[in-house]
Amino acid sequence: MLIGILAAVFAALAYGTASVLQARGAQSVDTGAAPDEAPSLRSTITAMLTVAFIAGMALDGIGFIGNMVAARMIPLFLAQPIVSANLVVTVVLATLFLNARLSRRDWIAIGVVVMSLILLGVAAGDEGREHEWWLHWAVLVVGIVILGVGAAVLPRMHSRVAVLAGLSGGVLFGVLAVAVRILDGLDPFDLGEMLTDPALYAIVLCGPGGFYMFTVALQKGAVSAASASLVVGETIVPGVIGILVLGDTTRPGWGVVAVIAFIAAVVGAVVVAMSPVVEAVERAGEAPVPDPTP
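Counting with this note's numbering, you get residues 0 to 293 for the letters of the sequence shown.
Just to be clear, a hint being listed does not mean it is correct.
What the hints assert, rightly or not - Computed spacing ranges between beta-carbons, pair by pair:
hint : residue 1 : residue 2 : range
1    : Arg103    : Glu192    : 49 to 55 Å
2    : Leu95     : Val258    : 31 to 37 Å
3    : Ile259    : Asp125    : 17 to 23 Å
4    : Ala54     : Val256    : 36 to 42 Å
5    : Asp189    : Val239    : 26 to 32 Å
6    : Ala54     : Asn98     : 18 to 24 Å
7    : Gly254    : Met114    : 14 to 20 Å
8    : Met56     : Gln218    : 15 to 21 Å
In short, the hints are calculated from the structure, not lab data. A quick note: this is a predicted structure, and the numbers were derived from the prediction, not measured. Don't be surprised by glycine CBs; every beta carbon is placed ideally from N, CA and C.
Model the full structure from these sequences, guided by the hints.
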């Protein structure tokens, strides 16, 4: 279990650091646009070619590997909240490198997340390994349906798009975590078995699909709504599936503690997601990092 927890923490650190590096790279480029105008395509490409931005993209890839390892080795109700704590890493690093300041509410939420994750780590039992073959097809079908309906409907909506698109992206990431857990052909490695497993194609679909839906959410609404919805989708859905379908367990007598800690971790992460600092990092290059009043 220790290796899985370390992998999840590593993924959170990688994802959170990647966001700040990408923001730093974007902000280092003069967009040549007015405050209320979108940056030019040339400036966007230039930003993506900066060392900081490329390093951030590399860390995203490394973080994904850590996320996969965690999903395989520890209960999903523990793995996903730890990974979603990448927002905590983002806002803390933003205070160091992007001249951002956190409000008292942000610091309290960060404390709640950290303490809740510690309790979850203590309360978590073994990860489940028992599941039916239908689940391999279910994750693929669910991924296709969510992405297809979202791509067709959400761009045409005029209200609550950020929430629904962010939630859809989060659910896709959650389905991805479930698919990683059940993927055949990894241990022991068998490429032929892996290529015939529908869960592999669910991973291939849900990863880019989740990023697409989150991008739609950012384009159509507030970052806070999009990020908060993403956290809910990528933590609650796989956490529940892990317990009800995969057989993830808690230590004897620690079930209530795990439930309370899980809820607190999700709520704390949502509060962090609604911080103006997260807004500034996600909107890097469009406006300076705000200085919220505590």
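Going through the hints against the structure:
1. Arg103 / Glu192: 49 to 55 Å: holds, 52 Å
2. Leu95 / Val258: 31 to 37 Å: holds, 34 Å
3. Ile259 / Asp125: 17 to 23 Å: holds, 20 Å
4. Ala54 / Val256: 36 to 42 Å: Roughly 39 Å apart at Cβ, these two residues keep to the hinted range, so it holds.
5. Asp189 / Val239: 26 to 32 Å: Holds, since Asp189 and Val239 (Cβ atoms, about 30 Å apart) stay within the stated range.
6. Ala54 / Asn98: 18 to 24 Å: Holds, at about 20 Å.
7. Gly254 / Met114: 14 to 20 Å: holds, 18 Å
8. Met56 / Gln218: 15 to 21 Å: holds, 20 Å
The earlier numbered hints are all upheld by this structure, with none contradicted.
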